[in-house]
Amino acid sequence: MHTFRTNRTALCAALLLAGFFSAGSTLAADTPATNTGGKLLLTGGVSEIGGAAGGGLTPWAVIGGYGTNDQIGANAFYTRVQLPDYHMDVAGALIGFYNRVEFSVAQQRFNTEKVGGLLGLGNGFTFRQNVYGIKVRLFGDAVLDQDSWIPQVSVGIQHKQNNQEAIVKFVGAKSATGNDYYISATKLYLAQSLLANVTVRFTKANQIGILGFGGDKHNAYQAEFEGSLAYLLSRKIAIGAEYRQKPNNLGIAREDNWYDAFIAWAPTKHVSFTLAYANLGNIVIKNHQRGVYASVQVGF
Amino acid sequence: MQTPYLKTALVACGCLLALSLHAQQMPGQTSSAMQARQMAASAPRDPALKPYFAEFGGKPGLKAIVNDFMINLMADPRTHPFFARVDRERIKRELVDQFCVILDGPCTYTGASMAEAHRGLGITRADFNALVEDLQKAMTKHDVPFHAQNRLLAKLAPMHKVIIEK
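The listed protein sequences derive, respectively, from chains A and B. Following this note's numbering, the numbering of the first sequence begins with 1 at its first residue and continues without gaps. Following this note's numbering, the numbering of the second sequence begins with 301 at its first residue and continues without gaps.
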């Protein structure tokens, strides 16, 4: 419990820091001396539910924030996923250094609403999971290399800590902490106004870690495919769809792959809004968890 | 069921990585850099872009766009230093010709190669992107459809290889 308080403090500090940076860069926008925000609009992606820069459900190879190779970028986000029987809030922040390395932190709060009561946990019982991420761009430029088929490729790690060890172990998970390892390839097909991303994630996470890691059915790392396709309607608006394959480690409940269809709007480089219809399938005793995903991101 | 699947995914992943690294490395590197240099030097004419020439308003349209483009570049503190002390009228003529050639219009580009024109200016990626934004603004002002804009930008973007120095 104590570690969780520390983590929350760290998260709050990160959010404040991002907000401060963001405000600072806005104030400084009139002076040419400021050296931030060199990327093109929307090319830093939005915030994935684990805190990495990407689509909503899956990380992309882009480094978050609007910093180019001699700049620093950062942002903070808040996401709400509203399902028929559950809801999840995610808050997080990231900082991108020199379009090369991205550090991110996020806290997911998964509220079981009345299902918690049915399972004997109490109405509104909430799983909290902290996610610490690092992503490194290996090579490629998703945006400018329009004469080459080579995508931008990055690798990343997400270290996840769930605060309900006893419960996740009770349902069959082997651990309350776990690491996801992923490789992402992102390419903008500018002439077609299309952006494609493919991610392969090596994971043991049950429901992204909300139900722990590993299980009675499987307890080995599995490669899961994730993909995003976005179509640019204008400089500021993109629409698209995503897919995230998930393991099926627990005997107590089937786990489904996730889908969404989204619209993202970035009126400026300092703020973006993402709205999606997400189909998260079965979650424990409830089927057809389809609902709304809404996210706001501020940064530079 | 999971094991062969994992293997396939790993192999696919490895292949992608190997191919990408190979394409990046030595012989590929030099030849693609040279190709980029040649392409950038001669402003690649693309017959497939012919239909978009009209969407830019033909040559008069391009002149109006480039006029506003230069106004934007001069007003933009990020790009102003690169254009303050140069023959802007000549640059505008050359930009019109270059865009006209790329869109398969009835023009020829006689200016310097992109590498020559930008050598020693110390242009960064952020500067390059700032210029793209100023061009987008000018094209939008002249009602060039967003997807037509992207056709042109997709041809200009690879020039970053010979323009960006830091």
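Some hints here could point you the wrong way.
Unchecked claim - Cross-link-like lysine-lysine pairs, in silico, DSS-like; alpha carbons within 25 Å at most: (1) A:K174 with A:K286; (2) A:K236 with A:K174; (3) A:K286 with A:K217; (4) A:K236 with B:K437; (5) A:K246 with B:K363; (6) B:K350 with B:K466.
Unchecked claim - Restraint ranges, calculated between C-beta atoms of paired labels, are given here: (7) B:T410 with A:Q192: 28 to 36 Å; (8) B:D404 with A:K217: 27 to 35 Å; (9) A:I263 with B:P351: 24 to 32 Å; (10) B:A364 with A:W149: 33 to 41 Å; (11) B:F446 with A:F225: 25 to 33 Å; (12) A:N248 with B:A354: 50 to 58 Å; (13) A:Y98 with B:V386: 27 to 35 Å.
As the list claims (entries may be wrong) - Which chain B residues face chain A? A few, computed with CB under 10 Å, are given here: (14) A354; (15) G357; (16) I371; (17) N372; (18) V386; (19) Y409; (20) L421; (21) T424; (22) A430; (23) Q449; (24) H460; (25) K466.
Hints are computed from structural coordinates only; laboratory data are not their basis. Note that beta-carbon positions come from the ideal geometry of N, C-alpha and C, so glycine has one too.
How the hints compare with the structure:
no. : hint                           : verdict
1   : A:K174 with A:K286             : holds (23 Å)
2   : A:K236 with A:K174             : violated (44 Å)
3   : A:K286 with A:K217             : holds (20 Å)
4   : A:K236 with B:K437             : holds (12 Å)
5   : A:K246 with B:K363             : violated (53 Å)
6   : B:K350 with B:K466             : violated (34 Å)
7   : B:T410 with A:Q192: 28 to 36 Å : holds (32 Å)
8   : B:D404 with A:K217: 27 to 35 Å : violated (59 Å)
9   : A:I263 with B:P351: 24 to 32 Å : holds (28 Å)
10  : B:A364 with A:W149: 33 to 41 Å : holds (35 Å)
11  : B:F446 with A:F225: 25 to 33 Å : holds (31 Å)
12  : A:N248 with B:A354: 50 to 58 Å : holds (54 Å)
13  : A:Y98 with B:V386: 27 to 35 Å  : holds (30 Å)
14  : A354                           : violated (17 Å)
15  : G357                           : violated (20 Å)
16  : I371                           : violated (17 Å)
17  : N372                           : violated (14 Å)
18  : V386                           : violated (18 Å)
19  : Y409                           : violated (18 Å)
20  : L421                           : violated (15 Å)
21  : T424                           : holds (6 Å)
22  : A430                           : holds (7 Å)
23  : Q449                           : holds (9 Å)
24  : H460                           : holds (5 Å)
25  : K466                           : holds (7 Å)
Against the hints set out earlier in the document, violations occur for numbers 2, 5, 6, 8, 14, 15, 16, 17, 18, 19, 20.
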